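> Okay, here's what each chain looks like letter by letter:
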Amino acid sequence: MADAISGPSYLYNLLANELSVALYGDLDKTSENMGALTMMTIKDRKAAAAAAGPSSSEAPVDTSASARDSDTVFPKLESIGYQVGQRLIERLTKEHARFKDELDRMKFVCTDLWKYLYDKQIDTLRTNNQGTYVFTDNLFRPLAFFSAEGVDQYYPQSGRFIAFPCGIIRGALSALGIRCTVSAKVLSVTCCVFEVVVERT
Amino acid sequence: MALCIGVMGAENQPLLIKISPNIQDPIKFHFMLHSALDVVEEKSQPLPKTPGSISGADLRELYLGLLYPSSDEVRVYGYCANTRMKMILIVEASNTTLRDNEIRTMFRRLHVAYSNMIMNPFYDVGQPISSKSFHDFVDSMIAAFGVGKLVNPTLYSVEMEYFEDVPTLTGIRLLLRS
Amino acid sequence: MATDEEFKLMYGLIASIKSFVARLSPMELKEGFQSFGTDKYRLHFYESPTSIKFLMTSDLAAVSLKDLLMQIYLIYTETVCRNVLVPARGRMIDSQMFITRLETLVQQSPHFASKS
Amino acid sequence: MSAKGKAPLLDNNKVNADLIKLTYGALVAQILKDYEKPEDVNKQLEKLGYNIGVRLVEDFIAHHNIPRCLDFRQTAERVQQAFRFYLGFQPAVGNWAPTGNEFSLIWDNTNPIGDFVEFPDNLRTLQYSRVLCGAIRGGLEMVQIDVAITIAKEFLLGDQATELRIRFNKRLEDALPIGED
Numbered sequence: 001m002a003d004a005i006s007g008p009s010y011l012y013n014l015l016a017n018e019l020s021v022a023l024y025g026d027l028d029k030t031s032e033n034m035g036a037l038t039m040m041t042i043k044d045r046k047a048a049a050a051a052a053g054p055s056s057s058e059a060p061v062d063t064s065a066s067a068r069d070s071d072t073v074f075p076k077l078e079s080i081g082y083q084v085g086q087r088l089i090e091r092l093t094k095e096h097a098r099f100k101d102e103l104d105r106m107k108f109v110c111t112d113l114w115k116y117l118y119d120k121q122i123d124t125l126r127t128n129n130q131g132t133y134v135f136t137d138n139l140f141r142p143l144a145f146f147s148a149e150g151v152d153q154y155y156p157q158s159g160r161f162i163a164f165p166c167g168i169i170r171g172a173l174s175a176l177g178i179r180c181t182v183s184a185k186v187l188s189v190t191c192c193v194f195e196v197v198v199e200r201t
Numbered sequence: 001m002a003l004c005i006g007v008m009g010a011e012n013q014p015l016l017i018k019i020s021p022n023i024q025d026p027i028k029f030h031f032m033l034h035s036a037l038d039v040v041e042e043k044s045q046p047l048p049k050t051p052g053s054i055s056g057a058d059l060r061e062l063y064l065g066l067l068y069p070s071s072d073e074v075r076v077y078g079y080c081a082n083t084r085m086k087m088i089l090i091v092e093a094s095n096t097t098l099r100d101n102e103i104r105t106m107f108r109r110l111h112v113a114y115s116n117m118i119m120n121p122f123y124d125v126g127q128p129i130s131s132k133s134f135h136d137f138v139d140s141m142i143a144a145f146g147v148g149k150l151v152n153p154t155l156y157s158v159e160m161e162y163f164e165d166v167p168t169l170t171g172i173r174l175l176l177r178s
Numbered sequence: 001m002a003t004d005e006e007f008k009l010m011y012g013l014i015a016s017i018k019s020f021v022a023r024l025s026p027m028e029l030k031e032g033f034q035s036f037g038t039d040k041y042r043l044h045f046y047e048s049p050t051s052i053k054f055l056m057t058s059d060l061a062a063v064s065l066k067d068l069l070m071q072i073y074l075i076y077t078e079t080v081c082r083n084v085l086v087p088a089r090g091r092m093i094d095s096q097m098f099i100t101r102l103e104t105l106v107q108q109s110p111h112f113a114s115k116s
Numbered sequence: 001m002s003a004k005g006k007a008p009l010l011d012n013n014k015v016n017a018d019l020i021k022l023t024y025g026a027l028v029a030q031i032l033k034d035y036e037k038p039e040d041v042n043k044q045l046e047k048l049g050y051n052i053g054v055r056l057v058e059d060f061i062a063h064h065n066i067p068r069c070l071d072f073r074q075t076a077e078r079v080q081q082a083f084r085f086y087l088g089f090q091p092a093v094g095n096w097a098p099t100g101n102e103f104s105l106i107w108d109n110t111n112p113i114g115d116f117v118e119f120p121d122n123l124r125t126l127q128y129s130r131v132l133c134g135a136i137r138g139g140l141e142m143v144q145i146d147v148a149i150t151i152a153k154e155f156l157l158g159d160q161a162t163e164l165r166i167r168f169n170k171r172l173e174d175a176l177p178i179g180e181d
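Protein chains in written order, with my numbering: chain A, 1 to 201; chain B, 1 to 178; chain C, 1 to 116; chain D, 1 to 181.
Note that these hints are calculated values from the structure, not bench results.
Here the structure is a predicted model, which is why all the values come from computation and not from measurement.
No residue lacks a Cβ here, since even glycine has one placed at the ideal position from N, Cα and C.
Where hints are given, some of them may not hold.
[Unchecked claim] In silico contact screen, one side only, chain B against chain D (beta carbon under 7 Å); selected entries:
{"id": "1", "residue": "Asn116"}
{"id": "2", "residue": "Met119"}
{"id": "3", "residue": "Asn120"}
{"id": "4", "residue": "Pro121"}
{"id": "5", "residue": "Phe122"}
{"id": "6", "residue": "Ser131"}
[Unchecked claim] From the derived model, a few chain C residues whose C-beta atoms are all more than 12 Å from chain D:
{"id": "7", "residue": "Met1"}
{"id": "8", "residue": "Phe20"}
{"id": "9", "residue": "Val21"}
{"id": "10", "residue": "Arg23"}
{"id": "11", "residue": "Leu24"}
{"id": "12", "residue": "Pro26"}
{"id": "13", "residue": "Gly37"}
{"id": "14", "residue": "Asp59"}
{"id": "15", "residue": "Leu60"}
{"id": "16", "residue": "Ser64"}
{"id": "17", "residue": "Asp94"}
{"id": "18", "residue": "Ile99"}
{"id": "19", "residue": "Gln108"}
{"id": "20", "residue": "Phe112"}
Just need the whole structure built from these sequences, with the hints factored in.
Okay, structure coming up:
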């Protein structure tokens, strides 16, 4: 259960969430800005989630939509995440055997890194074998803080919680030698999908 | 009787190079480090899939072991982290008491120190290392790896200038201080 | 009666009882006022050290609901406090998650069952 | 994806404490870029700490059944306990003023949120620990204690310890809703 966290883990989550407040500044002002996002009914969203081409462009909340209102803050949150991911990965892979290939590295991010960060693994990892990887977390902890199945009142604001983890993923992969872009979408109340596109040179 | 430790970043740029003080010609060691990097690069590549190849697990270790067959003068060891941070250690060939395991342990300790060092938010990953505690640590390693003959274990510190267009050791200017 | 009017009255009542109880006591109070009863209902009160006050009315069979109120406080911290989208203080609680969990908790409590 | 049966990477509390330090460090670096002047950054860090403290104190009290503090010494113990619980490492409480209204939290030879930090020389006016002051102030304010906090010693700037000095100002009264007395 999402609430079975305490101690440092709780403090960490608080800090990670508070980051956005620290950078967004005044909360009320932010809510207003964020209110500009289109709100869909649960039904619409479930349909969208079911249709779930993770690459489907009509998923309701994504970084680019939110970024319209917070052009400056998203890159900042992302870059904080990048710094964290990049440094963290050095510690986590210290005892790890040399990675075989790209997929091996992706798996590491989905299992070990995610477990370290959120105490659970990514639920599914899919790839088209052409440099696009899709990670799905059905119960993404930062969202599970205030949402549950059937409870979606904060859904329109959930976009602000995904820039930081996107940055962590990008930082971790870049440290492992994979240059990529990472975007994310919140598909249903607690389900978050990350899309990693590897830059080929 | 020589000893040198080099730490290089993902793009082979030097992050830190320490050379034992009683070395007469440090430049030579820079070249040694430089050529060692090529071997590290080669050894840390993913293996081609050859069925029945010997002990695949060993070859995936971060510690790369001896990089060349021992020469008369020195032995060169390498280590390449998953982040492609590389460490190279040169010891005197006459020092036969050093076992492979000790070298491995030493690299591990260096790696731990490095991973702690990059936790410093004011350090930009991939830039030359200025952290005093990391410098002290490497110094202590050089000292501990007993060039017993050293009377005065002060070390030269090597300051590096890193040229954008020459991302290798040839772009280094040395400033030796005693 | 308008809700905010009712809140004000309730606040006044609680504040008065609290200070009344504190003045009557010959010693420093540890728990303070916890509940009072009328012939129709009982009102239970718990105040967290952070001055958040929880009140619940019940029938006369429920003697002490202190534990239940403390559990509600726990739910409050887990659903309202940790949600950075809600200002820390001074707002009506509109978290649906809080309400859902509150309902579950109260309905599962033995005091709830004893009524029907 | 099977990572089952793998031993945990490190002891869980320590792991998360490291993550907290790392994230906080990255945030400080980012705020520095935005505000440039260390004095302004300090203000931001205090605010961040305050926001965290205000929420953290509820979690701490609710999960540990902490009763109301009866005196300031008890308050000191609770603060100490909270540090152990959330950062896995507790400070010493000491240097009580004779009047009993002022004490210090002391971390010998370390800084609880920055043991890996090495300051560049041009940032010596940056108060890296300011977030702790904010958190303590915010937390205590919620339990109606108004305090003033100063950083007496900072390990990261070369002192032997990190020391926060906490002085009791006054007890806060419940604010009454408008129109009441």
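> Does each hint hold? Answer for all of them.
Each hint tested on the structure:
no.: 1; hint: Asn116; verdict: holds, 6 Å
no.: 2; hint: Met119; verdict: holds, 4 Å
no.: 3; hint: Asn120; verdict: holds, 5 Å
no.: 4; hint: Pro121; verdict: holds, 3 Å
no.: 5; hint: Phe122; verdict: holds, 5 Å
no.: 6; hint: Ser131; verdict: holds, 5 Å
no.: 7; hint: Met1; verdict: holds, 15 Å
no.: 8; hint: Phe20; verdict: holds, 15 Å
no.: 9; hint: Val21; verdict: holds, 15 Å
no.: 10; hint: Arg23; verdict: holds, 16 Å
no.: 11; hint: Leu24; verdict: holds, 19 Å
no.: 12; hint: Pro26; verdict: holds, 17 Å
no.: 13; hint: Gly37; verdict: holds, 25 Å
no.: 14; hint: Asp59; verdict: holds, 27 Å
no.: 15; hint: Leu60; verdict: holds, 28 Å
no.: 16; hint: Ser64; verdict: holds, 16 Å
no.: 17; hint: Asp94; verdict: holds, 17 Å
no.: 18; hint: Ile99; verdict: holds, 18 Å
no.: 19; hint: Gln108; verdict: holds, 19 Å
no.: 20; hint: Phe112; verdict: holds, 22 Å
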